[in-house]
Amino acid sequence: MRVLLLLSLGVVVFLLVRRVVIPANFGKYGHFRPAAMDEIRSRAIKFAGNQACEACHSDEAEVKSRGKHANVSCEACHGPLARHAEDPTSIVPNLPDTAVLCARCHEANQAKPKTFPQVATKDHSNGEACKTCHKPHNPQIGG
Amino acid sequence: MEMTRRDLLKKSGKFILLTSAAAAAWEYVLAGKAEASPNYDVTKHWWAMVIDPEKCIGCGNCVRACEAENDVPAGYFRTWIERYHVGEDLDHPQVDSPNGGHDGFPEKFKDSAKTFFIPKLCNHCADSPCVQVCPVGATFVTPDGVVLVDQKYCLGCRYCIQACPYGCRFLNPKTNTADKCTLCYHRITQGLTTACAEACPTQARVLADLKNPKDPIHEFLRTHSVQVLKPQMATHAKVYYKNLDGSVR
Chain S
1 MRVLLLLSLG VVVFLLVRRV VIPANFGKYG HFRPAAMDEI RSRAIKFAGN QACEACHSDE
61 AEVKSRGKHA NVSCEACHGP LARHAEDPTS IVPNLPDTAV LCARCHEANQ AKPKTFPQVA
121 TKDHSNGEAC KTCHKPHNPQ IGG
Chain X
1 MEMTRRDLLK KSGKFILLTS AAAAAWEYVL AGKAEASPNY DVTKHWWAMV IDPEKCIGCG
61 NCVRACEAEN DVPAGYFRTW IERYHVGEDL DHPQVDSPNG GHDGFPEKFK DSAKTFFIPK
121 LCNHCADSPC VQVCPVGATF VTPDGVVLVD QKYCLGCRYC IQACPYGCRF LNPKTNTADK
181 CTLCYHRITQ GLTTACAEAC PTQARVLADL KNPKDPIHEF LRTHSVQVLK PQMATHAKVY
241 YKNLDGSVR
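For the protein sequence lines, the chains are S and X, in the order given. Those letters in the first sequence? Residues 1 to 143, per our numbering, in order. Those letters in the second sequence? Residues 1 to 249, per our numbering, in order.
Hints in this document: simulated from the structure, not taken from any laboratory. Note that beta-carbon positions come from the ideal geometry of N, C-alpha and C, so glycine has one too. Where hints are given, some of them may not hold.
Stated by the list, open to error - Pulled a few chain S residues facing chain X out of the computed Cβ check, cut under 8 Å: (1) M1; (2) L5; (3) H31; (4) S42; (5) K46; (6) C53; (7) F116.
Excised from the complex, chain X in its bound form (with noise of 0.2 Å):
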């Protein structure tokens, strides 16, 4: 059969039309379920957390909350303490964190120079490096300010891993893939706070919503001398600490 040009449009056209049609039933067959908490608003939150390294006494319940929370493997942390002793060279403390402080600090320093215990977690930063370097869109920023990952899209190439410079994450060997703190995304958008601020029996870390205007964070922020770990990284983290010492890294 000879075919015209016109033919042939007229077939290729209503062959995309129909196709598209059958390819837009299918993505609303692919929409799936509606969402885990439906009066949460992801819009309306800005997730961050307040450190008070005065208030910490290194116990590792904070530790070993997030692990029974978050079943992380023995030896791996989402959060740690370490601990600084800063003698008279201010640039070179001595730092330890033995098992992350899961199980305490045995009693190390006799001498009388400045030892303190300062608590670490992912920053949530909001121009976050891990981000950027990710090449499958498997870790990203929720609208609401919180860094996680896509457990079945990461492939588990550690980029990310290297990218953190507050090393925050690992390589989960359960699942073969980059894990980190989600500042317990599952805890915090059901009005809970995360299972670190929770076990902490001294209040040293507090979860706060920078959206909500009753927060106290805000009043926090304007009182008091806050810093975060390594600004001249641009990352914005959004782990405030409380009259952090100079000699923190």
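The shape of chain S in the complex, shown without the other chains (with noise of 0.2 Å):
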């Protein structure tokens, strides 16, 4: 008799400590916890998206249309602006130096690809910014 009463209570106390210890939801999707995929995906965003550019700066987005930086998108060469896309009147990005930037992808080097535009910027400009001839949104020079 006893021990029938203290197997009851050893299941009933399994089973309590099994609901508290496992995880809500549990195996819904596999052998996991569900609420990580929520907690994961309520992180912030620090790269706004092209799109979130263009709605104010039309402009801009137009004048890179036409030229061969058409598919590069805004914040690979003006950093992550998320910030800016929310608050756009207290939080305003730096413009980047282009002395430093264009040469990020277009100093030369054996392994780029032949088809890339490459230049060795100590002969091509002398340290000089690159904005001096090339407008950034549209390179070509009188383009």
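Assembling the complex is the task here: the two chains are given apart, and the hints tell you how they should meet.
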């Protein structure tokens, strides 16, 4: 009799502990806690995406769409600006320094694809900022 | 008081019924808040990425964007770029990745041997060794095909780091848990592309949804020669490389 009582008590305690220890919905999609997906999903976004930029800067987007940089996203050069998109007045980004920025992509390197336009910046401009001659949104001279 | 067998069974039956009702109520309390993006249906997507090494210029934009988007600690990489220099010995190419390509690649080779860049990231394998080895269910494949780490459940045992055949995982020194590319799960579930693809100036990497019949990836996969890394590992990797050089490991 006492054994039976102890056994049923043990079963109940086990079930209770199991309920508390195993997270909600565990196993809904597989052997993991589905709430973890929501936690990762709720992270802050840093890159706003081109659509957000073009919503306000349609004039710049139009200039860019006519040149060689048409498919380069705004934040590829200007950096992550989701905070600026949320609050355009108080968070104003600095313009990138073209003497450093352009060379990141266009400095000559043997490993780069042969069709990609490359220059040895020292010979090409001797450290002068690229935007002296090239407009970054449409870099072709006279474009 | 003398207790008959019938009494005992009745009492223990009631006890079990009542506690399970309480437990069900407790589960309801624990169930928590609704999903973060209610319009996103996990069963309608199957995420992948297409990489075209012939477009990669090794600028490091992807590495820096990933670092900014995901607060990756300095010296650790969720995505990185490798430079391959393939001389006469095809089986032993020279590979380097200074600071993961974060600061670009200074010119190093002057000869005419084949040299190219290979961007790398988690392959989000459909049959992933890292998921199989996790002892606590902290790493998993989501129903939309992304391999994620549950930071609250990870013990930091590093088993998955050893299991990944691609070296895509690391132990985050801030959290002491396994860390890796999430394929910007917080972005792609809201209709944006990944930070690395957003920042890539040449579209060398493009996010793809294999369950979306309108995604251009379907035509791309039909009309191009596409490989995955280490196919012999049978991980069913979902990062596809166009015209991958045979020397790439």
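Could you work out which of the previously given hints the structure breaks and list their numbers from low to high? 6
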